[in-house]
Amino acid sequence: MNEILIILFTPLLAGVLAWAFDFRGVREVIGLIGAAVPLAYLVKLYPAVIEKPVDYALTVGGFTLQFQLGTMSWYFAAVASLVGLAMAFGLVATSRSGYDWLFALMSFTGVLGVFLSQDFIGFFLLWELMTFASFMMVLKRNRHESLKYFVLSVIGAYAMLLAIGILYARTGALDFETIRQALIIDVSLGTIGKGETILLFTLFLTAFGVKAGAVPLHVWAPGAYSETDQSYTAFFSGALSKAGVYGILLIYMLMGYKLYAELGTFHGHLTFAYVIAWIGAITVVVASFLAVLQEDIRKLFAYSSVGQVGYILLAFGVGSPLGFAGGLFHVLSHAIFKGLFWLVTAAIILQTGRTRFRDMGGLAEKMPFTFAMGLIAVLSLAGIPPMAGFASKWLIYEAAIQAHMPLVAGAIFLGSGLAFAYVVRFLYGVWFGQRPSELEDVKEAPLPLLLAMTILAIPNLVFGVAPGVVTGYINRILMGDVVGGDYYRLVTQTGTYNALLVSTALVIGLAIAGLVYLYGAKARRVPVTDTYQSGNPVTEEFNLSIRRNFYRPLAEALEFWLRYSWDRFYERLAKLSEDFADALRQAFYNGNVQSYSWYLAIVLLILALWGVL
Amino acid sequence: MLKRLLAITTLIIIGYWLAQGLAGVPFGQDRMLVGKYYLEHVVEQTGAVNAVTAVVVNYRGFDTLGEVTVLFIASTGVGALLWSRKKRRTARTEGSIVLTTGTRLLAPFVMLFGVYIFIHGHLTPGGGFPGGATIATAFLLLYMAFVTYEIPHRAFEKIEGAVGMTYVIVGLIGLAIGGYFLYDWIWQTWGWGHDNIGRLFSGGFIPIIYTIIGIKVGTELSGIIDNMIKEEVSK
Amino acid sequence: MNAFTVLGELLVLLGTFFYFLSTLGLIRMPDVYNRMQTSTKSATLGSLGVIAGVGIWALGTDFGSAAWLTKTMAIALFLLMTNPISAHALIRAAYKRGIPLWHGSVVDKYAEYLEKSGGDGETPEGGGEE
Amino acid sequence: MISVYYFGAISLILIGLYAVLVKKNVLKMLIGLSIMETGVNLLLVSIGYISGRSAPILSEGIGPNQAVDPIPQALVLTAIVIGVATTAMALSVAIILYGKYGTLNVEEIRRLRG
Amino acid sequence: MGEVSKASRYLYTVIILFLIWLMLTASLDPQEVGFGLLLSLIVAAFTYEIFTTGGLSNLHPRRIAYMLAYLPYFLWAMIMANIDVAYRVLHPARPIRPGIVHCKTVLKSDVGKLSLANSITLTPGTITLDVDDDNYFIHWIWVPDEALTGDEEEHVKVASENITRPFEKFLKVIFG
Amino acid sequence: MIGINVYLILIAIATLLSTYRVFRGPTAVDRLVAVDIMTTITTGLMVLFALYYRRMIFLDVALVYALLAFGGVIAFARYMEGGL
Amino acid sequence: MNGQYASLLIALPLLSAFFVPLIKGLGERGIKYYLAVITALQTGIAAWVFQQVYSTGKPIIVMAGGWKPPVGINLYIGHFAALFVLIVAVVSFFTAVFSIWSMKVQPIDKYAMLFLLLMLGATGMIATGDIFNLFVFMEITAISAYALTAYNKTGEAAEASLKYMILGGIGSSFFLIGVALIYGSLGTLNMAQIAQLAGNMNPTVAQVGLALIVFGLAVEAELFPLNAWAPDAYQAAPHAITVMFSAFVVKAGLYATARLLYLMQAVGSWHDVLKLLVAMATLTVVVAEFAALRQKDVKRMIAYSSISQVGMIAFALALGSQAGVDAGVFHMVNHAVVKALLFLGVGYVGIKLGGTAMENFQGLGKRMPLTAFALTIGSLAAVGIPLFNIFWSKVRILIAGVEAGYTWGVALILGASVVEAVYYLRFIHAMWFAGEGERMREGLAISLILLLLAALVIVIGIYPDYIWSLAQKAGSDIFNVGQYIKNVPLMEVGA
Ligand code: NA
Ligand code: NA
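Protein sequences, first through last, are from chains G, Z, C, U, V, X and F.
Just so we're aligned, residue 1176 is where the first sequence starts under my numbering, counting upward by one.
Just so we're aligned, residue 21 is where the second sequence starts under my numbering, counting upward by one.
Just so we're aligned, residue 788 is where the third sequence starts under my numbering, counting upward by one.
Just so we're aligned, residue 135 is where the fourth sequence starts under my numbering, counting upward by one.
Just so we're aligned, residue 3 is where the fifth sequence starts under my numbering, counting upward by one.
Just so we're aligned, residue 163 is where the sixth sequence starts under my numbering, counting upward by one.
Just so we're aligned, residue 70 is where the seventh sequence starts under my numbering, counting upward by one.
These are computed hints drawn from the structure, not numbers from a lab.
There could be a bad hint or two in this list.
[Claimed, not checked] Pairwise CB distance ranges (calculated):
1. Trp78/V - Ile175/X: 25 to 33 Å
2. Trp78/V - Asp215/Z: 32 to 40 Å
3. Lys8/V - Trp210/Z: 36 to 44 Å
4. Gly236/U - Lys555/F: 41 to 49 Å
5. Phe1196/G - Leu520/F: 17 to 25 Å
6. Pro146/V - Ala39/Z: 36 to 44 Å
7. Ile1777/G - Gly236/U: 29 to 37 Å
8. Tyr36/Z - Lys127/F: 44 to 52 Å
9. Gly197/U - Ser852/C: 50 to 58 Å
10. Arg508/F - Ile1181/G: 53 to 61 Å
[As the list claims (entries may be wrong)] Chain Z side only, calculated, beta carbon under 8 Å to chain X, not exhaustive:
11. Ser104
12. Lys107
13. Gly115
14. Ile117
15. Ile137
16. Thr144
17. Pro150
18. Thr154
19. Val167
20. Thr168
21. Ile171
22. Pro172
23. Ile193
24. Ile197
25. Gly198
Quick caveat: nothing in here was measured; it's all calculated off a predicted structure.
We put the CB at the ideal spot given by N, CA and C, even for glycine.
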């Protein structure tokens, strides 16, 4: 049995088995094994992959499906497998249904397949498998959101299919390597014109942008991420969205030269990369603003996820090796911290049944371990050293500065600020402050979920303290010394980040703070009902608290912009097209056979005119 | 009014187009290819002097089998659509004695003439379909004259089916004897009637098939008439 | 050119002339009843003329034979029998449909008869039952 | 110059189509269809005609070189029967329609639409 | 005449059909004649019951002789009818005075009545509109003054005299 | 020899006149009467054509035609008087 | 065994249809079982023919009457015909079994006859090698289809049948004009000979003739805007008949269009006709998908979906490339399976629950889980989800489309497919996630058929290679005209 085949299809097989033997215990064991195997085999294959790529080919329906485990696909697959394993542990706690296991693991296979495919048929097949499975996860819980996700996914998929078709028609190939070479040669041949190149780029960008949740194709993401099992969202947002990001890299790999040749540069910067960078920047800013304004923790993290993937796009859009390095690093960091976030969220929802800030508070005491995990995630996301999130963001920032893209760099800053704003609210709103009386009996999350969180928390810390481990591997992917330094130190042309130093300082600082907290004055407990403002009861209209409309002033400031909602725009578009469809069929299929005879006569007339003229 | 104008304009353009196409097929010219072959070989190959008949029944017998089927479908379809458990005629005026007596006198002649038509199909214009239609006319006249007249439709249906089967079986005998479906085994294998060309007993299986078709068409058309005239009795 | 062809041609000419006359009546007469009066007879006689003419004419040609005559006679007899029947059926249909007589008509004994005999001549209900 | 037979055939086809396109009564439309079919049949036989030749029945002194093309005539025989069959079907459908809808106006026979 | 034997009726039908066959084929080829006889026998078997009630008695020489005499008589009447028609059609004033008159017939047999009706239809200015029992209703293109009497019997007498009587003397013998 | 043209012209006129009646009506029976006349004329025409083309076999066609036309006219007539 | 015995494919349905009046005494059930037995027999013959053709790799040329083409009419049972005749027979067998249980409208004996003759018509259309014979079989198919459409004898059924008839009548008349023109120009009706001589035709005649033929066939092939009859007919026909319409009747029309199109390749205006057809096909897909979007009646919705798929097949066939034709044939097979599944399932539900309105399907997952499962598989396949059979043919079509330079067409079809995805999703949602209901008993035979078809969908989806190889052979049968001409043993006639 080939290892690649095992890596790819064990999760799917496990999913099917878990669905077939849908008994408590059995399905969980099968599912966990299925989710663990890919990681295990990836680890096992690591030495081989470092040496040279591992290949595997499969023939289906007259098409040859090629798979390859190279340095880059190993990286993406490893990230996905890590999150996938965590998801599996999470599911043990949060799900009671074989249906969930089936589709969660199916999407696992899909994601791995996308990363490992070396040709478009396999890529597309597994891409669709991944989409379909994740869609089924949403469909079970919310038809409206699933429909939105579905429609956008289908649009993306068909855009990709069309692009694949065009590429096949022009190059006669479906495998990446041949296409890449053909497109390089085509720069001199010129069979693919500028228009068609732009079309291809747009189609791929649409296809991958949807999955990555890039603005304005992001509208499905908040709903889909929140309307499913939150353990699964860890994977959905942590790993599955990376498929879109991976696609952007694919554009570079396959078409980079061709796009450069056709579109040239803009202000000394690759034009097409510029587009990607700006899409990333806009995604970061828009999603971060929207995240700040959410009242539901699921929605908050959903928007946050969108924003964070925007960072990666932005990094890739910079187009420099350092940009790629930063982006790739952020793929890992985002996967682990956002995965962690979603698992924490899963724990909160599982234990409290609440999702909105206004219903929560003071949970740190009740769920200390979960709180600790949440804290790690918050620090990592907010980009506070020495977490993995800081290292990757720092690299991205450096890359943007080096590429002389101040506005883009500004977006990174703004995004970070906003991220800080919303994680602070999460931190305080959920964990600290007054605890609603209904939440007195809340217990710590169950063990599998805690294990799941641990699986993702450890790399956050490890790669935060030793980012050089990751950058070392990324250098291998990029085939060059892009990021210098050692395990603890990152060195670029313009700066150095010593993670060990920062960590040491932080640990000392925390120790001092802890001492102060432990030995300082005790805080006085105040019941929720005791909240007064200047001696007057709080009015409903303007009740600003950390848990309720905390950022309402911001919302009011942004009122003009908030009136324009992509969501509503799409909905209106959908309604419009449905109305159009209705009008069309009522007008054309009007039931009168005489009209129908006229259609025939008109076709004859057209034929006649065509013949006569 | 506008619609009529539009229709006329459209139709004139279509007509002009068709005429243009037809201009490439000038009227009255000899452009025969397969047709010429038929004319030259029809007598020797099929024993029929009527080349049309030979084409219809023999060379293009497959079409004719299809044609028989089409009529069978129509008869079946009409029977199915107008089917009801209780049907009867609902005429309001009786035929006068002129019509009834005229029909009595004419019907036997018409039937005989129908047979004459289909039995001479290989010699004269005509054949199974006109012959069958003639026979059906006899029944039509009976229906017209007598307000209570009804064909024995159950028997007719059975005859219809049985002669249809006979047609296929004649074809299958060809397959068994000559190796080809619808092979004219009478003329080509048996050689029956070779010295009779131009007389009644010639033409291979053409008279047989035309008899089948004649009976079939006669019963089918009569059945259609029966179905269309009678109305459902709602109680 | 012989007696057969001459006679035949003459008959055909007469026949076609009566065709013309018949349809002229169809145009000139004021109502359906009178149209039938003029057209049915002439058309039938016209046909007899044409058909018999052809039969006789053929006897005088090189290709003709007695068969021509018998066949044409068969057709002629058929027309002689059927044409008045269809004329009768048509005029009866016209009357039963209630197409009024021409205003210049002088008498309608049929209407009187129908009135006297009670019904309007229609088959009593149930006439279709066996 | 187009032959009068072709002209007649095309005219019949167009007249039939005109009835289908303009007449509101289902029966008239069906008559239109029949007229069209007749036109097509006329066209077929006209195409098979060869000037100065006779019916392809090789008796009474007519040889292979004096006969017109037998094929179109054979085709027309088939086409006529098919036309009859279609008409019969159409009429029985019209009978049902009249029974169920109480009208034969096409503009009122449109429960199925959209 | 219900007592006429079936055999007689059948045979009569066969004979008539066979004669018609001979006329149609106009051939003495033994194949045709033999086959025609066979067919006549078959078709007659199905149809003799409706075809005739009188059977072979219809072939009585006297009847045939009268029939042969009737034919020229009738043809003459028919030609006269057409000259009359020609006159009415071609005359600019269109001299017509139509009406429906009532006649009675003495004929008993159905075939006789049919022949009378057909003869009337094909001859001077008359068409048989309906036949009910022995009553004939005739559309007459020129109703003479004598027929326009209020007295029903008188009317029938005049009309019959003019319309049915001339044919009846032959038809009475031929068809009874 | 008068020539077939004279006959054909007379027949053509007759056909035209009856066609006029077919279209003009005014009653359905009027049209049917005209059609009946046309069928009779056509029968004669067919017989004439048989002679013209010297094909006796065409006479059968004329008879079939006359017969079918008769059946058709009777059917319509009976339909119009409510006899179906 | 002698290849001429393939004529049994025609003889058997005919013989057995004619036999029905003689066995009326068997009663309703008896006749229904008889129907199933005959279709099973036909399947056997078709399987034998299929095996013959695919094992020898040579077409069977049935020469009716023993006349060599072009003197006689020949059947050409090549790779395409052998494959599709088998599909026709199998689907007929399934629907016959379905009819045993589903067909309630009297009279059953006539239903059985028309059923067999519909099958015969499609078989003949697919098999014939003569253009006028094609017309005859087309009419056999059409007229039995008219009758069967109206079979329920409701007002709607009659209305649908009337529409079908009028449009079909116009189409077939103009088809025949086209045939007349081609015959007038070439003096032959044999398809192989027409292909051989097409290049010498008067260009105007060829253009008009080809356009008319394609026009006539396009009505049967349900191409926009000539397809207005189709949704009504699909909706109003008895469920079993709708299955046949969608699974093979329309396919026969499509095949005929493609066959004649490629035979006439040598005609000057050929490429223009292709372009026109591509445009019509694309519009067919788009309009039908839009029309399906908000349907309240599931049967009608699936009817529109079927039309759109048919449009896609026509698109593929009109591309003028080997890849396109192969893909089109592949899609034909897949569509036959999927639509048979869907219409059977919907019909089953329609009868069980008294109608095919969308409300009846709510909670179907709980009431009739097996049927709902099968319908879900069918829906997913129809949408073109990977690992279901339609995906493969759809991809092939799209690639072939882009290759042939019709990127815009592919884009439009893909856009329309989004719409398709939406309504099928709503349908799936209605079945599984909306409504409640008591569990009902599901019949064994029909469940087996549904599961078999669903399994076929998935098996082809996972392992499309075999069917794809068949489709390629069948496709080249249509595309490779030179080979077609060579395969028909044309004899020398005339000068
Ligand atoms: Na007459
Ligand atoms: Na007449």
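Hints versus structure:
Separated by about 28 Å at the C-beta atoms, Trp78/V and Ile175/X satisfy the suggested range of 25 to 33 Å. At about 50 Å, the CB distance of Trp78/V to Asp215/Z disagrees with the hint of 32 to 40 Å. For the hinted restraint 36 to 44 Å between Lys8/V and Trp210/Z, the CB-CB distance of approximately 40 Å keeps it satisfied. Between Gly236/U and Lys555/F the CB atoms are about 60 Å apart, so this pair departs from the stated range of 41 to 49 Å.
Remark: the range hint 17 to 25 Å for Phe1196/G to Leu520/F is upheld by a beta-carbon distance near 21 Å. Pro146/V and Ala39/Z have their C-beta atoms about 59 Å apart, which leaves the hinted 36 to 44 Å range violated. One distance hint, 29 to 37 Å for the beta-carbon pair Ile1777/G and Gly236/U, holds here, with the actual separation near 31 Å. One distance hint, 44 to 52 Å for the beta-carbon pair Tyr36/Z and Lys127/F, holds here, with the actual separation near 47 Å.
Range check, Gly197/U to Ser852/C: Cβ separation about 20 Å, and the 50 to 58 Å hint is violated. Look at Arg508/F against Ile1181/G: about 40 Å separates their beta carbons, and that is not inside 53 to 61 Å. Given the 8 Å rule on beta carbons, the hint for Ser104/Z is violated: about 17 Å separates it from the nearest Cβ of chain X. For Lys107/Z, the suggested interface contact is broken, since its CB lies about 13 Å from the closest CB of chain X, more than 8 Å.
Restraint check, Gly115/Z versus chain X: the minimum CB separation of about 6 Å is within 8 Å; hint holds. Against a cut-off of 8 Å between C-beta atoms, the interface hint on Ile117/Z is violated, since the closest Cβ of chain X lies about 14 Å away. Given hint, Ile137/Z at the interface with chain X, holds; its Cβ is 6 Å from that chain's nearest Cβ, closer than 8 Å. Taking 8 Å as the C-beta contact cut-off toward chain X, the hint placing Thr144/Z at the interface holds, the least distance being around 4 Å.
Annotation: Pro150/Z was flagged as interfacial toward chain X, and the flag holds, the nearest CB pair being 5 Å apart, inside 8 Å. The closest approach between the C-beta of Thr154/Z and any C-beta of chain X is roughly 6 Å, which is under the 8 Å cut-off, so the hint is satisfied. Annotation: interface hint on Val167/Z holds; nearest CB of chain X at approximately 7 Å, less than 8 Å. Contact between Thr168/Z and chain X, as hinted, is not supported at the beta carbon level, the nearest pair being about 12 Å apart and thus beyond 8 Å.
Hint status for Ile171/Z relative to chain X: violated, with the closest Cβ pair at about 15 Å, above 8 Å. Checking Pro172/Z against chain X by beta carbon gives a least distance of about 20 Å; that is not within 8 Å, so the hint is violated. Of the supplied interface hints, the one on Ile193/Z is violated, with its beta-carbon coming no nearer than about 30 Å to a beta-carbon of chain X, more than 8 Å. With a least beta-carbon distance of about 32 Å to chain X, the hint placing Ile197/Z at the interface is violated under the 8 Å criterion.
The beta carbon of Gly198/Z is not positioned within 8 Å of any beta carbon in chain X (closest approach about 30 Å), and the interface hint is therefore violated.
When the structure is compared with the earlier hints, violations turn up for hints 2, 4, 6, 9, 10, 11, 12, 14, 20, 21, 22, 23, 24 and 25 and for no others.
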